[in-house]
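2 protein chains.
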Amino acid sequence: MSISPKAALLEEYAVVAHALSAPARLMLLEQIAQGERGVEALADKTGLTVANASQHLQALRRAGLVTSRREGKSVIYRLSDAKTLALMDLIRVVAERNLAQVDRILRGLADGTDAPEPVSRGELAQRMSEGSVNILDVRPADEFAMGHIPGARNVMLGDIDRIAPTLSPRTEIIVYCRGPYCIYAHQVVAVLLKLGFNARRLDGGLPEWREEGRRVLAS
Amino acid sequence: MSISPKAALLEEYAVVAHALSAPARLMLLEQIAQGERGVEALADKTGLTVANASQHLQALRRAGLVTSRREGKSVIYRLSDAKTLALMDLIRVVAERNLAQVDRILRGLADGTDAPEPVSRGELAQRMSEGSVNILDVRPADEFAMGHIPGARNVMLGDIDRIAPTLSPRTEIIVYCRGPYCIYAHQVVAVLLKLGFNARRLDGGLPEWREEGRRVLAS
DNA sequence: ATATTATTCAAGTCATCGCTTGAGTGATGT
DNA sequence: ACATCACTCAAGCGATGACTTGAATAATAT
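First to last, the protein sequences are chains P and U.
Numbering follows my numbering, with no gaps: position 160 of the first sequence is 184.
Numbering follows my numbering, with no gaps: position 23 of the second sequence is 47.
Hints are supplied without guarantee of correctness; some may be wrong.
Note that identical chains are pooled: a pair holds if it fits in a single copy or bridges any two copies.
[Said to hold, decoys possible] Simulated pairs of lysine to aspartate or glutamate, DMTMM-like, Cα-Cα distance not exceeding 20 Å: (1) 30 <-> 167; (2) 218 <-> 135; (3) 107 <-> 227; (4) 30 <-> 68; (5) 69 <-> 166; (6) 97 <-> 64; (7) 107 <-> 127; (8) 97 <-> 60; (9) 30 <-> 127; (10) 30 <-> 135; (11) 69 <-> 35; (12) 30 <-> 227; (13) 218 <-> 183; (14) 30 <-> 113; (15) 218 <-> 138; (16) 30 <-> 120; (17) 218 <-> 185; (18) 218 <-> 141; (19) 218 <-> 196; (20) 69 <-> 167; (21) 97 <-> 68.
Derived by calculation from the structure, the hints in this document are not laboratory data.
Kindly produce the complete structure, drawing on both the sequences and the hints.
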């Protein structure tokens, strides 16, 4: 009855991959990567029903990608460790490299503009110390409040046109959002480029920034 | 009818993860990582029927993890690029870190011995140039023939006891096999340790070695 | 104790997956 | 043209997955 250890191992690896094989769970992971949260908050953010989110979260926990702890009446989920984040990111990288459909979508987001290469986090840190950079955080206000890159300004996608006049046309603007699956930043950069600004995306979002031990400002 | 780009991207990422979520496909990837092969050879190696293997291979291709080309009457599959290998490996790492079941299986393979940390590929290369090392390749003969680390000796798991007397008890023995999902090497190291030899696994297998541009001997 | 809030469990439905079987297609050799 | 070989396609199956709904726990507040 005991199958070969080889087969048993592959089964386990498949469990990990399976956990990442549903868009709903990827959404949940992205949210959890912003910072630990309870089930209801996660369900809210992702648009899932609470029961459904709970089941997906348990699948993620069984796969070892997240851990949970009870805190009062809430159950708080968080990423197991940085490898989970790396795995999410590597999946994105492979998809971007090899899937034409992904390329098409990203091109659509760029809206005709020719998006420059993203800025590395190291380079941004360097530029920050020189003071020669403007940082925009395009996540929802509550996530911004939970933590953001020092000096970043929180802006909604829809407000770009409104705040554009207050931006310096000479200083480069670096835009970031959630992390591996960040998408608003692509759009914001496209808008800014069209308006004649000098804008680039940050490579990775806040979770990666924090993971590298860089300074994060709360509230 | 057009869903949001965000959702569309997550769908695509999920496709990639889904491709890795079946043991049969992981087996196929492991084989393909040894070197490109036709459908029938892959089906043979993995014990799948040809039709079934063909379908799994197409799933892998749709996910962008492998590519295929026609060569005469055969269709040859190969890994898209090194990122595919990295992805396979990262899944293993996450599983080993977080899943108790995996730990249990690996401990079982070690058969009571306390397996030392694997040797890095860089260290092995260094040791090779010094000539202070014995290398064992524990893959099937045909895979060994397709390419192996120079100086490695091809040994079957079952033949260890027989060839053990021919091994130097003082020189360290480095054992490797297929790659991310290598398992024989664990067992062989355990056997050698029990016999009183000084043995360690190589971190990664032949695919990773080749990927780093290190020398590989064919035939 | 009872009520409230946060989460999980259980049952049911519809879709998808993994595998098998048998037919179909494409390139090569006689 | 015909046979052969290597692979893919199509149909069908039992099993698993994603989501909904409504009931069951678990911890706190009244």
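Hints versus structure:
Taking CA atoms no more than 20 Å apart as the test, residue 30 paired with residue 167 passes between copies only; the shortest distance there is 18 Å, against 43 Å inside one copy. In this homomeric assembly, residue 218 and residue 135 come within 20 Å of each other (Cα to Cα) only inside a single copy, at 9 Å, whereas the closest approach across copies is 64 Å. For a Cα distance limit of 20 Å, the shortest separation of residue 107 from residue 227 qualifies both inside one copy, at 17 Å, and across copies, at 18 Å. In this assembly of identical chains, the alpha carbons of residue 30 and residue 68 lie at most 20 Å apart only when taken from different copies (17 Å versus 40 Å within one copy).
Only within a single protomer do residue 69 and residue 166 lie at most 20 Å apart by alpha-carbon distance; the minimum there is 11 Å, versus 53 Å between protomers. Taking the shortest Cα distances, residue 97 and residue 64 sit within 20 Å of each other inside one copy (11 Å), while across copies they are farther apart (56 Å). Within a single copy, residue 107 and residue 127 get their C-alpha atoms only as close as 25 Å, which misses the 20 Å cut-off; across copies the closest is 17 Å, which meets it. Within a single copy, residue 97 and residue 60 get their C-alpha atoms as close as 15 Å, which meets the 20 Å cut-off; across copies the closest is 54 Å, which misses it.
When the C-alpha separation of residue 30 and residue 127 is checked against a cutoff of 20 Å, the pair qualifies only between copies, where the shortest distance is 13 Å, while the shortest distance within a copy is 36 Å. For a Cα distance limit of 20 Å, the shortest separation of residue 30 from residue 135 across copies, 15 Å, qualifies, whereas the shortest one inside one copy, 48 Å, does not. Within a single copy, residue 69 and residue 35 get their C-alpha atoms only as close as 32 Å, which misses the 20 Å cut-off; across copies the closest is 18 Å, which meets it. Proximity of residue 30 to residue 227 under the C-alpha cut-off of 20 Å is restricted to the inter-copy arrangement: shortest distance 18 Å between copies versus 37 Å within a copy.
With identical chains, the CA atoms of residue 218 and residue 183 are at most 20 Å apart within one copy only, with a shortest distance of 15 Å there and 68 Å across copies. In this assembly of identical chains, residue 30 and residue 113 lie within 20 Å of each other by CA distance solely across copies; the values are 15 Å between and 27 Å within a copy. Taking the shortest alpha-carbon separations for residue 218 and residue 138, only the intra-copy value of 10 Å comes in at or below 20 Å, while the best inter-copy value is 61 Å. For the homomeric pair residue 30 and residue 120, the shortest alpha-carbon distance between copies (14 Å) is at most 20 Å, but the shortest distance inside one copy (31 Å) is not.
Within a single copy, residue 218 and residue 185 get their C-alpha atoms as close as 11 Å, which meets the 20 Å cut-off; across copies the closest is 71 Å, which misses it. In this assembly of identical chains, residue 218 and residue 141 lie within 20 Å of each other by CA distance solely inside one copy; the values are 16 Å within and 54 Å between copies. In this homomeric assembly, residue 218 and residue 196 come within 20 Å of each other (Cα to Cα) only inside a single copy, at 14 Å, whereas the closest approach across copies is 63 Å. For a Cα distance limit of 20 Å, the shortest separation of residue 69 from residue 167 inside one copy, 10 Å, qualifies, whereas the shortest one across copies, 49 Å, does not.
Proximity of residue 97 and residue 68 under a CA criterion of 20 Å is satisfied intra-copy only: 17 Å inside one chain copy versus 54 Å between copies.
Every hint, counting from the list given before, is met by this structure.
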